[in-house]
Amino acid sequence: MPVPRPIIGPLTGPVPSRRTTLVGALAGLLAVTGCDVEDLDPRGDEDDSTAPPTEASTDADAALVDRARTRITSADTVLEELVRQHPRLRRELRPLRQLHAAHAEVLGGFMERATISGPFDLPQARTLVRRTETELQRHLTLAAVRAESGSLAKAMASMAAGIAQRLAVSS
Amino acid sequence: MTYAEALQTTLAGEHAAIYVYGALGAQTSQTGAPGLYAALSDAYQAHRARRDQLTAILTDLAEQPVAAEPAYELPADLSTTDAVTARALELERSCASTYAYLVANSPSPERRLAVNLLVQTAVRELAFRGTPETFPGSDEYADR
Chain A
501 MPVPRPIIGP LTGPVPSRRT TLVGALAGLL AVTGCDVEDL DPRGDEDDST APPTEASTDA
561 DAALVDRART RITSADTVLE ELVRQHPRLR RELRPLRQLH AAHAEVLGGF MERATISGPF
621 DLPQARTLVR RTETELQRHL TLAAVRAESG SLAKAMASMA AGIAQRLAVS S
Chain V
30 MTYAEALQTT LAGEHAAIYV YGALGAQTSQ TGAPGLYAAL SDAYQAHRAR RDQLTAILTD
90 LAEQPVAAEP AYELPADLST TDAVTARALE LERSCASTYA YLVANSPSPE RRLAVNLLVQ
150 TAVRELAFRG TPETFPGSDE YADR
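Just so you know, the protein sequences line up as chains A and V, in that order.
Be aware that the first sequence starts at 501, since it is given in our numbering, and climbs by one per residue.
Be aware that the second sequence starts at 30, since it is given in our numbering, and climbs by one per residue.
In short, the hints are calculated from the structure, not lab data.
Watch out, some of these pointers could steer you wrong.
[As the list claims (entries may be wrong)] Going by beta-carbon spacing under 10 angstroms, a handful of chain V positions derived as facing chain A:
#, residue
1, Tyr73
2, Arg140
3, Ala143
4, Leu155
5, Pro161
C-beta: ideal position from N, C-alpha, C; glycine also.
Same shape as in the complex, but just chain A (with noise of 0.2 angstroms):
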């Protein structure tokens, strides 16, 4: 009896390359957001997942990419800010830092940085990270639904899905 195979073939579906995915859903959007495009290293697989955007949802995406941008931006600059209160999170919190600043290039880097008030002991200090995380886990979730654009979607989720990695491997 011939066994079909199972987890490669269906599980590994189409999906968008990183350069289709930038350069095609998001070009607009990183455009907007100063991003050049002509840096990104090109991949040759085919996406059909998404249809063009059209310019109002361009502008909603565009949006959307902005205020991920600043969330994620805020995020890290608590991260930062309590670093320099407690030197020893440093390496502690040098994994989320990394994530910050990949999601954050994949959406054309990081916005200008705000000031965070207040001291935080140690204690405080760990449970402001795993709100300010899962607060823009929740964020980029949302954002990955609202999205008009299905890579840009894609993109948010995976970022989402990568803070909650992180929020696991921590608590």
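On the provided structure of chain A, position chain V as indicated by the hints.
Quick look at chain V alone, frame taken from chain A:
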């Protein structure tokens, strides 16, 4: 690719995942490896629930849900807990890619399920010795 087609692809993946998890569970001792057994059981139940959920959505869309295949190809070596764990992790990572694909191909109002599935599966990877990733399910961003 339509939403219904993406759902069908995801459902086909769930059928395969359920089959493979059944095999992985059968190779795992409940007393010898209780942690792994519990994780496999949880995953099996989760994928069954997802299969039922996807089937219901497709039915609501007046689509005929894709049926499970009679059998699926299994990995040759499931003789150790390490091998079973590695296969389970591989399976969840494949599922994460599929859910990310469903996210990209779902209309906005219907996308929450796919997003939640991706997040849940990314966390489930950790039960099988997975390590946190920067972009679970979306490797195309990972080499930036």
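Tested hints:
1. Tyr73: With a minimum Cβ separation of about 15 angstroms from chain A (threshold 10 angstroms), the hint on Tyr73 of chain V is violated.
2. Arg140: holds (5 angstroms)
3. Ala143: Constraint on Ala143 of chain V satisfied, holds at 7 angstroms.
4. Leu155: Check passed: Cβ of Leu155 of chain V comes within 6 angstroms of chain A, closer than 10 angstroms.
5. Pro161: This hint holds: Pro161 of chain V lies near chain A, its Cβ roughly 4 angstroms from the closest one there, short of 10 angstroms.
Checked against the numbered hints given earlier, this structure breaks only hint 1.
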